[in-house]
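Chains as they are written, first to last, in the working numbering: chain W, 1 to 266; chain A, 1001 to 1263; chain L, 2001 to 2341.
Worth flagging that the hints you see were computed from the coordinates, not collected in a lab. It is possible that part of the hints are untrue.
As the list claims (entries may be wrong) - Here's a subset of chain A near chain W, in silico, CB distances under 10 Å, partners left out:
(1) G1025
(2) W1032
(3) V1035
Claimed, not checked - Here are some chain L residues the structure puts well away from chain W; computed CB gaps all over 12 Å:
(4) V2037
(5) D2048
(6) R2092
(7) R2098
(8) Q2132
(9) S2158
(10) H2173
(11) N2203
(12) R2226
Unchecked claim - To give an idea of the chain L side of the interface with chain W (calculated C-beta under 8 Å), a few residues:
(13) V2075
(14) V2116
(15) L2121
(16) L2137
All residues carry an ideal CB built from backbone N, CA and C; glycine is no exception.
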Amino acid sequence: MLESLRVYGCYVAVALRGQLQYRGSVVMGALGNLMVTGVELFGLWALFDRFGQIQGWTLAEVALLYGMANVSLALAEIVGRGFRVFDQLVKSGDFDRLLLRPRGTAFQVAAQHFELARVGRLIQGLAVLVYALVAQGLLRPGAELVLVVGSIVGGACTFMGVFVLQATVAFFTIESLELFAIITYGGVETAQYPLSIYGDGLRRFFTWVVPLAFANFVPGVVVLGRPERFGPEWLAWASPLVGVGFFWVCLRVWRVGERYYRSTGS
Amino acid sequence: MRAYVAIFEARFRALLQYRAAALAGLATQVFWGLVRVMIFTAFYASSTGAQPMTLPEVITYVWLTQALLMMLPWRPDPDVEQLIRSGNVAYELVRPVDLHGLWLARAVAQRTAPVLLRCLPMVVLAYSVFGMAGPAGPLPALAFAVSLCATVALSAALTALLSVSTFFTLTGRGLHSLVIGVLNLMSGAIIPLPLLPEWIQPLVRVLPFRGLLDTPFRLYMGHLPPEAALQAVGHQLLWTVLLVLAGRWLLARALRRVVVQGG
Amino acid sequence: MAQIVVEDLRKRFVVAERRAGMLGALAGVVRRRHRVVEALAGVGFRVDEGELVGYIGPNGAGKSTTVKVLAGILVPDGGRCEVQGRVPWLERVEHVARIGVVFGQRTQLWWDLPVVESFELLREIYRVDRQQYRVRLDALVNALDVGAVLDVPVRQLSLGQRMRCDVVAALLHAPQLLFLDEPTIGLDAPAKLAVREFVRRLNRERGTTVILTTHDMDDIEALCSRVVVIDHGRISCDGSLDHLRERAGVGRRIIVDLERDEPLAPTDARVVSREGTRVVLAFDPVRTPAAALVARITREHAVRDLFVENPPIEEIVARLYGEADARGEAEPRPEPREDPS
Ligand SMILES: Nc1ncnc2c1ncn2[C@@H]1O[C@H](COP(=O)(O)OP(=O)(O)OP(=O)(O)O)[C@@H](O)[C@H]1O
Ligand SMILES: [Mg+2]
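Just chain W, with the same shape it has in the complex (with noise of 0.2 Å):
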């Protein structure tokens, strides 16, 4: 396990390098996705500015839920970005090279690559669960910030483990991956709005089918104080977990799908 961490810091070390070799791309990059991300958050507050509430929630509750999304996503993006580029490394037939390596595939493929440049929505995500820590007063060490830190981590690990599933899809083909966006784009869109305002399949799709109520809804609902419980107490103290199971399904999928690689013909 320790080893493997300091393999995989010898990939990152490698991937870094690579990048800053290009450091203003990664800046600007890095300028554009806080850019892009910010003018969303823009949005959303002035949908507050102009309705004050939804469905009881004011801006300050909710900015907490904004922020465990994105920052789980921010971080998934960043360790993750292997599995989302995935496709190209099927297409041209250079998961040959990673097949050869005495390392499993999928620990290879998120080492491989390292984006820098998603910083952008960690540093908007962090700001605004700052700013909601704050706001709530939960900003102190407690119970309530350990949930909240490890549902992140939970919530990351779902996000990581839909990119691995996007990737695993790559095997049989690679046509359909835009789909994943839903759960991705579309998961984390959801996931900033309270999930009770949502209609009952799409709620349900996101606890019990790909678990990203656990990543900020669940948890976010105890910590919060609000009504709106789902299942007992200790479930909500459990997110994290559920975050982690979900990731290690994913990968197992992952080891089937790999026995469907077919390689290029030259």
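Using the hints provided, position chains A and L with the ligands relative to the given structure of chain W.
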């Protein structure tokens, strides 16, 4: 014109080829639309004050946005971008064509190719299943059609300008994401323009981006009296001309630099 | 002891066909056509420890596919395959830690990194002890003469330099089994010789088993005691070079330079070609001893010069490849299949 036909055909074929991708794209648009409708419904349900738009109007707006999504200038023409980044654009100068005109034609083709396979199904679906309203009458429908053509021209002019700007931002796509951020907000792709705060409205009214979604929508709903409608389309066309001129000027400058540096 | 056991290995690829023209594209929306390529149609062979086997065949015969299955990259559709007692795709990690693979067509190194940093990273990945790594790297760098390019980024290397670095990279973890898929492709003569010499020594001195795929018959002649020929996914010949010659039935040749332009047609030899006074004859050394044939020709004709040689291996191979075509297996038969998905 040849360039237009060629690129239209290529795009159209690509869409056909990757039918699964086209279906997935449609599903994505539907999903996005549904989520946004639910969000707006919840907002409207929790406030009693008067708003500049009614909920059914917002719903129609959301679906129209989803349908027109492929017509918006999200990014520069990838082929042109590649041409510029690789420096091969120098070879294009040898050809007896008007470069900016060519790129403009390509952009128009790109924006019109998906109409049949992406926009129309979306409209049909939204109209029959998701509660999108029809146009307010035959005249608004006509005005909408006219304005939509202007939207394509405007969108193409912006795309070409974005492509040309690649000359000046060789280091990365940062500037593009910046422009796209502004475009996202000011076109009304994120939330309908009337729902933005009052203080930003004067800016919104002047900038070209409202011609991409807001103008066709207003005509579709029959919100504007005839002379205001003419004015709105005039705004679209004026900005199209200005952006084309800006694109040509920038391109001429950029090319002079390329020639001086010897490619 | 058998290092590799392969029995009845099968692998087919389903390839989507595109139809031409706008109408074709439209039709493709409704129905897609598929073609099945039988890359491996029941391949079987064994390789023992310490062998150096040449694996040859025409383009598209299934060589690379075989190597990919043996290396654990592809999962076959059927058949048995054991390498060093393991099934490659079931115990991939343990398996690849003990083999080395070089694909001449693509590099295993990191494009942007200086060569030595690629090696360092591989050391971490393969869990090679630092001490051992140092010793092995020194030996390999000396043997392949790549000391001068260790600090150069891979993308700046010439093809020959890159290939030699790739060979080093494949051997840093000291595998007992090495797969080389066209390792001399595109190399100039000195580079080819260097790689060849290195492979020979690796096999002789360290007893490393080597499977070598190539289109360069000089590689085969210089290195391989045994040759396996694959064609259209089937093994068509397996044995020593002499065995191959016999199978091809090309025989030995005599080249005769006559004093004058006169007919020359001995009954127990075949005229292969004739150019002015130079005649090339082919004969079967088993039925007709060379000495007797030479004696007879010099007795009956005025001969200026005469020499006996083995036919070039290219010719043998061309003969063998052609044979398979003649058997009517010219193309892996396409099986068009409509599937309205
Ligand atoms: N990933 C793939 N997808 C589809 N077809 C493939 C694939 N890999 C190989 N093939 C087909 O299988 C057959 C065998 O290919 P293979 O690469 O094994 O040939 P080869 O003997 O290595 O040929 P060459 O001498 O040209 O390298 C060919 O017809 C090839 O087109
Ligand atoms: Mg090959």
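- Message: Let me make sure I understand: some of the numbered hints might not hold for this structure. Which ones are they, in numerical order?
- Response: Violated hints: 4, 6, 7, 10, 14 and 16; rest satisfied.
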